[in-house]
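Chemist: Listed below, chain by chain, are the residues.
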Amino acid sequence: MKTAKLIEYLRVDRMPTVWCPGCGNGIIMKATVDAIDRLGLSKSEVAIVSGIGCSSRVTGYLDFNTLHTLHGRAIAFATGVKLARPDMTVIVMGGDGDMLAIGGNHFIHACRRNLNLTVIVFNNSIYGMTGGQYSPTTPTYAMASTAPYGSIEKPFDVVDLATSSGATYVARSTVYHYELTVKFIKAAIEHKGMAVVDVITNCHTYFGRYNKIPDPSEMLEQFKEKSIPLSKAEELSENELKDRIIIGEFRKVESPDFQELYKQLQEKARGEDGYKA
Amino acid sequence: MIAEKTRLAITGAEAVAHAMRQINPDVVAAYPITPQTPIVENFAKFVADGIVDTEMIPVESEHSAMSAVVGAAAAGARAMTATSANGLALMHEIVYIAASTRLPIVMPVVNRALSGPINIHCDHSDTMAERDSGWIQLFAENAQEAYDLTIIALKLAEHESVLLPVMVNQDGFIISHGVEPVEILPDDVVRNFIGEKKPRYSLLDVENPVTYGPLDLYDYYFEHKRQQVEAMENVFEVFPKVVEEFAEISGRKYNFIEPYRLEDAEHVMVALGSTNGTIKDVVDELRAEGKKVGLLKIWMYRPFPKAEIQRELYGRKTVVVLDRSMSFGAEAPLYAEVKSALYEAPAKPLMGSFIYGLGGREILPEHIRSAFEMAVAGELVVDDQKYLGLRE
Ligand SMILES: Cc1ncc(C[n+]2csc(CCOP(=O)(O)OP(=O)(O)O)c2C)c(N)n1
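So the sequence lines, in the order shown, correspond to chains U and V. Just so you know, our numbering puts 138 at position 42 of the first sequence, and the rest follows in order with no gaps. Just so you know, our numbering puts 131 at position 68 of the second sequence, and the rest follows in order with no gaps.
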């Protein structure tokens, strides 16, 4: 995507961003814009909702209908937006802490309901904004400011969580894989029902420094080396997949979304002549 | 470990982390939020280095943090957490549970504006939203006070005729991130001062099983609320004893309020938190110019020390109240309460209400001076809310 085109979708007067030089958040922001552009959606057709965190600041920079809400609550606010304006494309963007720790409850229930939302998780395995505390996606034994000798907790696998909670489109990419990220976000927006895209990104400032990979390009290199497409991963054993990032589309099923069922119920309740029986 | 009185150049957050280290709570559960984060981070280092015996859990939200702390305290443990702004707001429903189940939890609160729009800087809107929750609320002027009041709070909270939770407020960034000299007491002195916790009704006392929080309808709920009132009243008896004992170990004297150059003052300002430091400077300047001004600093906001305030404010010409939060559609919290305390005054002073510093807006000596000057010139109009440092 050409810079001139990209800029049309951004609030350049709000820049520079709060993100550290080399942060992957910009890549995800651009990929989202690119996907929207390729779909030919106009700015007024799209609402973007975020919570609080470094990644959630994206709603300040994207020139769409944006709602910057509370830490953990983006999906709940987005639910309201979607119900009030079913015609709009509603995209939720935010961090792993925002979506899976403090907001974990909203995440699983939106999946269960198969609400027609696109949820993009900026998965940097840490709380970036508050200074590098471990998050629900921090790998076991990785270091963080609250885990100076390594975290002993087991992380969530965002894909597993979304799939088992009922999301009907689930994909994973990394910021190294730009085109793939655009492709998945585009597919997620087109999908009818709850779509989750887990994008692995780099917080070299905290996760990197705590775990001896302080260089952003080195983190991206690692994403490249560790990534393995889903089709290949299926042939490997659990042991061989340790520490690998499996990328691809994990789930893509057609299933009536919340609003469709809601409409059906309304029609049924009204009866054939349009009145409630 | 600190064996002798030591002066350290540290922030308010670090000072409170030291107080927590010396308290050595059994359980700490917390979730990060700016500007509270450095308290918990510093404390986490003490935990990781084995300096304290605390079981620490970085939970997934403040709602869980306060819930875990309530659970631990009900089990008989000394349990602590710390928070700010939206974190405190998210705790709200359990804040009430802690007070009404009479659990002596001490919680440092690093004051920050409550959204929206989102803001991370200091004002008192977060703690003011909890003023009717049944917690004792103390306010520090600086890092030293934040440290001292945390230790005092623990002893006060656990006193058998109090058994109430305490919030120790410090102004976000101004105190929490500003480096100041702080005198840290020897560890064993603090430990002796606070003593062992002796929970009277503990879930772990399996010989005498109890239940916390069962359904309490129109049969007893009202009586339980009345007991909370009594516990708050008992604070007026217990607190002076606790601060007297604290003065013996530290040489620093605390009280419900701190009068500053009040002897013959005709015009008195009343405020909470770090701004008191600035006001003291302005009072000194105005005194040098021959103006009879003074300050009444509020250390304890809940329970509200009405009698002490009456004693200090009766007979003054004007009373200027500074609030760092608002009550939309009504008088500002501190102003309303000071005004109410003066209802019985034989001769009512002229009162002025000034809002300042919302969302971290700077409060400068000239702002304070201008409020004093209005008071001296007799220009105050009762209930006419004015704003310091606001563009209008
Ligand atoms: C109720 C509440 N608690 C805590 C915070 C403080 N806080 C802001 S962002 C954040 C975590 C950020 O991590 P993540 O969501 O993973 O996003 P990132 O910054 O890494 O993009 C926290 C704990 C808050 N704003 N509100």
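Please note that a few of the clues may not be correct.
[What the hints assert, rightly or not] Below, a list of computed lysine-lysine pairs in the DSS-like style, where the Cα atoms sit at most 30 Å apart:
1) U:K126 / U:K359
2) U:K338 / U:K250
3) U:K308 / U:K282
4) U:K364 / U:K320
5) V:K449 / U:K250
6) V:K261 / U:K308
[As the list claims (entries may be wrong)] To spell it out: a stretch of chain U is covered by chain V in this simulated footprint if at least three of its residues, at any positions, have a beta carbon under 8 Å from a beta carbon of chain V; those stretches are:
7) 223 to 230
8) 258 to 268
9) 351 to 365
Hints listed in this document are in silico derivations from the structure and should not be mistaken for laboratory results. Positions of the beta carbon are idealized from the N, C-alpha and C atoms, including for glycine.
Chemist: May I ask which of the numbered hints given earlier this structure violates, with the numbers listed in increasing order?
Modeler: Those not satisfied are hints 1, 3, 4, 5, 6, 8, 9.
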